[in-house]
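Peer 1: As a plain string of letters, each chain reads:
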Amino acid sequence: MITVGLYHFLVVSALLFSFGLYAVMTRRNAIGVLLGVELILNSANLNFVAFARYGIFSMDGQLFALFVIILAAAEAAIALAIVLNIFNNFRSINVDEADSLRY
Amino acid sequence: MESFVFYIFALMTITGGWIVIYSRNLIYSAFSLLITFVGLAGLYGLLMADFIAATQILIYAGAVLILLLFGIMLTARKTSIEITQSNLPRLPGAIISSLIFLLLMVVIFSEPNWNSATNPGVRETVPMIGKLLMTKYLIPFELASILLLAALIGSVFIARREES
Chain A
1 MITVGLYHFL VVSALLFSFG LYAVMTRRNA IGVLLGVELI LNSANLNFVA FARYGIFSMD
61 GQLFALFVII LAAAEAAIAL AIVLNIFNNF RSINVDEADS LRY
Chain B
1 MESFVFYIFA LMTITGGWIV IYSRNLIYSA FSLLITFVGL AGLYGLLMAD FIAATQILIY
61 AGAVLILLLF GIMLTARKTS IEITQSNLPR LPGAIISSLI FLLLMVVIFS EPNWNSATNP
121 GVRETVPMIG KLLMTKYLIP FELASILLLA ALIGSVFIAR REES
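Quick mapping for you: the protein sequence lines, in order, are chains A and B.
No gaps in the numbering here: position 22 of the first sequence is 22 in my numbering, and each next residue is one more.
No gaps in the numbering here: position 48 of the second sequence is 48 in my numbering, and each next residue is one more.
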């Protein structure tokens, strides 16, 4: 059996990134778009940690992954607040219908 | 043994991601995102990043996913029971994302010596992370705390109902 190396993790990360991109492009529901964004952020995180293990940067990758997790938490809170506000104004969170700043 | 564990966690991650984009029910998507997060935490543990794995479980699976579930529940229309949704035409998105996946594959496998600089890995990650957060990454650390405070206040302010 082949030993697990950097390429394995990079392939998993690339697959996750493509899934997230597909979700962002095809979902109509704003929460679905957010799920895709979370997938993309996680794939970037996996790359950071994999390069921290197999590259020449010993711990910096893990620190960057930590900061990405912090930013993702803040992003989720703000995005949920905006989505709730859109729902209160438009009675729907379809991203195609929410096309004006004032209702 | 290591490769066996890797394939289990990678299968969890990719299956969860596939259900996220395949399911029409958003509740199923959110719960399969939980499977993805747990699989990713296992992969981080395999990469000797135990602190990141614990943080992944705590923050992503514990906080972000609950927030997303609250969002799904609060924005469900009262008239329709199902929280399904209609998607945009899938074919262009599928074509573009598979092209980008192929491009990433080409880039990954055309670089032969990425694997050459293998370091043994830091055994004790938590003391190292603590020291780095207090020395080299002090300013980003403080900025992150200010950002979290601003996000807290901002999201409460945005999401409150107008009293009129």
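Because the hints were derived from the structure by calculation, they are not lab data.
Treat the hints with caution; some may be incorrect.
[As the list claims (entries may be wrong)] Straight-line C-alpha distance at most 25 Å; calculated SDA-like pairs for lysine to any residue:
#1 LYS131/B - ILE70/A
#2 LYS131/B - ALA72/A
#3 LYS131/B - ILE56/A
#4 LYS136/B - ILE86/A
#5 LYS131/B - ALA73/A
#6 LYS136/B - ALA98/A
#7 LYS136/B - ILE146/B
#8 LYS136/B - ILE82/A
#9 LYS131/B - GLY55/A
#10 LYS136/B - PHE57/A
#11 LYS131/B - ILE14/B
#12 LYS131/B - MET59/A
#13 LYS136/B - ALA44/A
#14 LYS136/B - SER92/A
#15 LYS136/B - MET59/A
#16 LYS136/B - VAL33/A
#17 LYS136/B - ALA159/B
#18 LYS136/B - MET25/A
#19 LYS131/B - VAL33/A
#20 LYS131/B - ASN85/A
#21 LYS131/B - ILE69/A
#22 LYS136/B - PHE90/A
#23 LYS131/B - ILE82/A
#24 LYS136/B - VAL126/B
#25 LYS136/B - VAL4/A
#26 LYS131/B - ILE86/A
#27 LYS131/B - LEU84/A
#28 LYS136/B - LEU101/A
#29 LYS131/B - LEU34/B
#30 LYS131/B - TYR22/B
#31 LYS136/B - VAL24/A
#32 LYS131/B - LEU143/B
#33 LYS131/B - SER92/A
#34 LYS131/B - GLY154/B
#35 LYS136/B - ILE78/A
#36 LYS136/B - HIS8/A
#37 LYS136/B - LEU84/A
#38 LYS131/B - PHE64/A
Peer 1: None of the hints should be skipped; say for each whether it holds.
Peer 2: Each hint tested on the structure:
Distance check on the hinted pair: LYS131/B and ILE70/A sit about 18 Å apart at the alpha-carbon level, within 25 Å; holds. For the proposed pair LYS131/B and ALA72/A, the alpha carbon gap of about 23 Å is at most 25 Å, so the pair holds. At most 25 Å may separate the alpha-carbon atoms for a hinted pair to count; LYS131/B and ILE56/A meet this at roughly 19 Å. Annotation: proposed proximity of LYS136/B to ILE86/A is violated, straight-line Cα distance about 40 Å (limit 25 Å).
With a C-alpha separation of about 23 Å, the suggested pairing of LYS131/B with ALA73/A holds against the 25 Å cut-off. With a C-alpha separation of about 43 Å, the suggested pairing of LYS136/B with ALA98/A is violated against the 25 Å cut-off. Between LYS136/B and ILE146/B, the direct Cα distance comes to roughly 18 Å. Compliance with the 25 Å bound is thereby established for this hinted pair. Of the supplied pair hints, the one linking LYS136/B and ILE82/A is violated, its CA atoms being roughly 34 Å apart against a limit of 25 Å.
A C-alpha spacing of about 21 Å is found between LYS131/B and GLY55/A, which places the hinted pair at or below 25 Å, so the restraint holds. Proposed proximity of LYS136/B and PHE57/A is supported: the alpha carbons are some 14 Å apart, at most 25 Å. For the suggested pair LYS131/B and ILE14/B, the alpha carbons sit about 34 Å apart, so the restraint of at most 25 Å is broken. Taking the CA atoms of LYS131/B and MET59/A, the gap is near 11 Å; set against the 25 Å cutoff, the hint holds.
With a C-alpha separation of about 22 Å, the suggested pair LYS136/B and ALA44/A falls inside the 25 Å cut-off, and the hint holds. Between the alpha carbons of LYS136/B and SER92/A the distance comes to roughly 46 Å, so the proposed pair goes past 25 Å and is violated. Of the supplied pair hints, the one linking LYS136/B and MET59/A holds, its CA atoms being roughly 11 Å apart against a limit of 25 Å. For the given pair, LYS136/B sits about 35 Å from VAL33/A by alpha-carbon distance, which is inconsistent with the 25 Å threshold.
Using a Cα cut-off of 25 Å, the hinted pair LYS136/B and ALA159/B is violated, with the two alpha carbons roughly 36 Å apart. Annotation: proposed proximity of LYS136/B to MET25/A is violated, straight-line Cα distance about 38 Å (limit 25 Å). Of the supplied pair hints, the one linking LYS131/B and VAL33/A is violated, its CA atoms being roughly 37 Å apart against a limit of 25 Å. Distance restraint check for LYS131/B and ASN85/A: the Cα-Cα separation of roughly 41 Å exceeds the 25 Å cut-off, and the hinted pair is therefore not satisfied.
For the proposed pair LYS131/B and ILE69/A, the alpha carbon gap of about 19 Å is at most 25 Å, so the pair holds. In summary, the hint linking LYS136/B to PHE90/A is not supported, as the alpha carbons are separated by about 46 Å, beyond the 25 Å threshold. Distance check on the hinted pair: LYS131/B and ILE82/A sit about 37 Å apart at the alpha-carbon level, beyond 25 Å; violated. Of the pairs offered as hints, the one joining LYS136/B and VAL126/B holds, with about 15 Å between alpha carbons and a cut-off of 25 Å not exceeded.
This hinted pair does not check out: LYS136/B and VAL4/A have alpha carbons roughly 31 Å apart, beyond 25 Å. For a cut-off of 25 Å, the pair hint linking LYS131/B to ILE86/A is broken: about 43 Å separates their Cα positions. Restraint check for LYS131/B and LEU84/A: the C-alpha separation of about 40 Å exceeds 25 Å, so the hint is violated. Restraint check for LYS136/B and LEU101/A: not satisfied, since their Cα atoms lie roughly 42 Å apart, outside the 25 Å limit.
For the hint linking LYS131/B to LEU34/B, the alpha-carbon distance of about 31 Å lies beyond 25 Å, and the restraint is violated. Distance hint between LYS131/B and TYR22/B is unfulfilled; the C-alpha atoms sit about 43 Å from each other, more than 25 Å. For the proposed pair LYS136/B and VAL24/A, the alpha carbon gap of about 35 Å is over 25 Å, so the pair is violated. Only pairs whose Cα atoms come within 25 Å are accepted, and LYS131/B paired with LEU143/B is accepted, the gap being roughly 17 Å.
At most 25 Å may separate the alpha-carbon atoms for a hinted pair to count; LYS131/B and SER92/A exceed this at roughly 47 Å. Under the criterion of a C-alpha separation no larger than 25 Å, the hint pairing LYS131/B with GLY154/B is inconsistent with the structure, at around 31 Å. Taken as a hint, the LYS136/B and ILE78/A pair is broken in the structure, with Cα atoms around 28 Å apart against an allowance of 25 Å. This hinted pair does not check out: LYS136/B and HIS8/A have alpha carbons roughly 30 Å apart, beyond 25 Å.
Proposed proximity of LYS136/B and LEU84/A is contradicted: the alpha carbons are some 38 Å apart, above 25 Å. For the hint linking LYS131/B to PHE64/A, the alpha-carbon distance of about 14 Å falls within 25 Å, and the restraint holds.
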